[in-house]
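**Student:** First to last, the sequence lines map onto chains Y and W. Its first residue numbered 1, the first sequence is counted upward by one per residue in my numbering. Its first residue numbered 1, the second sequence is counted upward by one per residue in my numbering.
If you are wondering where the hints come from, they were derived from the structure by calculation, not from laboratory data. Where is the CB? At the ideal position from N, CA and C, for every residue including glycine. There may be inaccurate statements among the hints.
[Stated by the list, open to error] What follows is a set of in silico ranges between Cβ atoms, one per label pair, in the way DEER data are often shown:
1. P23(Y) <-> K84(W): 46 to 56 Å
2. P23(Y) <-> K6(W): 37 to 47 Å
3. R108(Y) <-> A55(W): 30 to 40 Å
[As the list claims (entries may be wrong)] Examples of chain W residues lying across from chain Y (beta carbon under 7 Å, computed):
4. V3
5. K7
6. I57
7. D60
8. T63
9. Y77
10. D144
11. L147
12. R165
13. V168
14. G174
15. E175
16. A176
17. R178
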Amino acid sequence: MVPCDERKGPLPPCAPLALAVMPKQQSSEPAYENKVALSRGTLFPGLDLPFMNVVNHPDHLSTPLCELMALDFVVQELKLYLDTHTEDREAFAALQTCIRLSREGRRRYVEKYGPITVDDMRYAESFTWADAPWPWQLCANKEG
Amino acid sequence: MFVYEKKLQYPVRIKNPNPALAKFIISQYGGPDGELSASMRYLSQRFSMPYPELAGILTDIGTEELGHLEMVGTILYQLTRNMKPSDVKKAGLEPYFVDHTAGIYPQFASGTPWTAATIGVKGDVITDLTEDMGAEQKARTTYDNILRLSDDPDVNDVIRFLREREVVHYQRFGEALRLATERTNQKNIYAMNPAFDR
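Isolated chain W (complex conformation) (with noise of 0.2 Å):
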């Protein structure tokens, strides 16, 4: 059962309004690494998860996920806000434009609609850490590129806290994946998948 609260996890107040940059940071929103991503993967894996505490990371990281994906939406929303259809053909965005006007789609910088095919559930205990460790990894480098690429303070203060986020999540991971091999044969971890084979 999720609860809202009717407030994001870190301000996001973006002053001036940027179609140009909303272009690619929509991946962080609906793209193959994103916050969408993100909460989907590890709110899936939970369910074959064995060890309570780790089913506990992956519930509460998975949950975070969630805000963030309500802050990456917020910024798109500001970016865009008040927009007239001459800001769009400035932006070039015009092919995202006739599709959606000034809604926010789930979607890749590339266009690609969000896919379930870019993330891993393999219920494998094991397995699903490392997939966990790699996808943190992999949206870091996202928001490193986004902070290459965007010049506007308002959108960066927000992005270097998403970014740490990811940081942090990757430690958490990490020791999830730890205190998993510590459970399991000390002498040959891939001995079986301790999700399924009981």
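Same shape as in the complex, but just chain Y (with noise of 0.2 Å):
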């Protein structure tokens, strides 16, 4: 065994001493899919650490406003492993490919259901972007 440096501890290997150190994830693959990464609450199956093992299922998130939150989710998830991870290519491409995705699903969306941002009412007939549902609000024949 290499011995370590003076200010270096012996476990985990050569450690900085004082000094919480978290394990860098080494790779954006593997990737659970869209609508499987919603459901887990995360990406990357090994950060998916489920309290009791009990974990959700996809199968409700199928309508188009759920496949859309899937596709934003992979974004944004993609988004923070960038943020730490800035050299990571095809990481980045990733993301693109998901932003891409997500612009196109967004205007399909928009174009049946309603506006999600107010940009949304640029070519619109009327105002209709205060128009409920708001989010938290249930409504039985509202897609989503």
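Take the two lone chains, each set in its own frame, and fit them into one complex as the hints suggest.
**Tutor:** Below, the structure is given as structure tokens:
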């Protein structure tokens, strides 16, 4: 065994002393499929550590709104990953693909179900931005 | 600048109103380790963060926490919808109801109003990131406790999502702390505070 520097401890190998040391996530792969990621609350199987090993199932996430949520969730997960892995080209390419899919999905959703941001009013016939339902309201006949 | 998106991060559809659950879930709205505390902590700490990618992680996680605040508020709103005075009494919600009716007010489960006294902004890179790691664990524990107390499947589905986000954020703050220390004096990482001593 190579002896550690006097400022490094033997466990884990040669880690600095008096400092919380977190293992770095090595890669953005493997990754869950979008809807599974949303249902689990993480894109990354390695970080999926559920309480009492009870997990959510993605079955109820098949509405158009949930599909959009799943895409946006993967964008969020890759963004946070890239904040601490700025040089990861593969993850960056995956982020760009996901952003493009999200933009396209959003355009189709907005056409059918109404605005998500006020930007979506730019070609609308009337001002529907403030129409119900707001996201916290339960509404039986609204998709999602 | 913030732009509102008229959708939740994760769907919240609570079929059965249950004001008794709202009594303790409210702690993740305005409690000591709740989502309001989380967003204010990270969005405030970022101003003095000298490293751009770490200001980025504080901004991005702090913003996500605002979305979680909206989700917890949505749970509370749906659990207390269509309440009658008899439901209020049955749930033992009278002390809250008399002050707030069915409004959503940021407070601890114990009734203490939300306070910045439970968050830390120390203006020191290592200290703030270490605080953030502790904060994520405190929020995870609170969600664990909510899962121990709640038997509503619609509520627990959302709580499990929110709890897992704490695990992911903990990992990212740990990586942020690692990046921060790699940028400081390796012989003595406590020799100075890069947020203040230039």
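**Student:** For each hint, tell me whether it holds in the structure or not.
**Tutor:** Status of each hint after checking the structure:
no.	hint	verdict
1	P23(Y) <-> K84(W): 46 to 56 Å	holds, 53 Å
2	P23(Y) <-> K6(W): 37 to 47 Å	holds, 38 Å
3	R108(Y) <-> A55(W): 30 to 40 Å	holds, 34 Å
4	V3	holds, 6 Å
5	K7	holds, 5 Å
6	I57	holds, 4 Å
7	D60	holds, 6 Å
8	T63	violated, 9 Å
9	Y77	holds, 5 Å
10	D144	holds, 5 Å
11	L147	holds, 5 Å
12	R165	holds, 6 Å
13	V168	holds, 5 Å
14	G174	holds, 3 Å
15	E175	holds, 4 Å
16	A176	holds, 6 Å
17	R178	holds, 6 Å
The structure does not agree with numbered hint 8 stated previously, though it agrees with all others.
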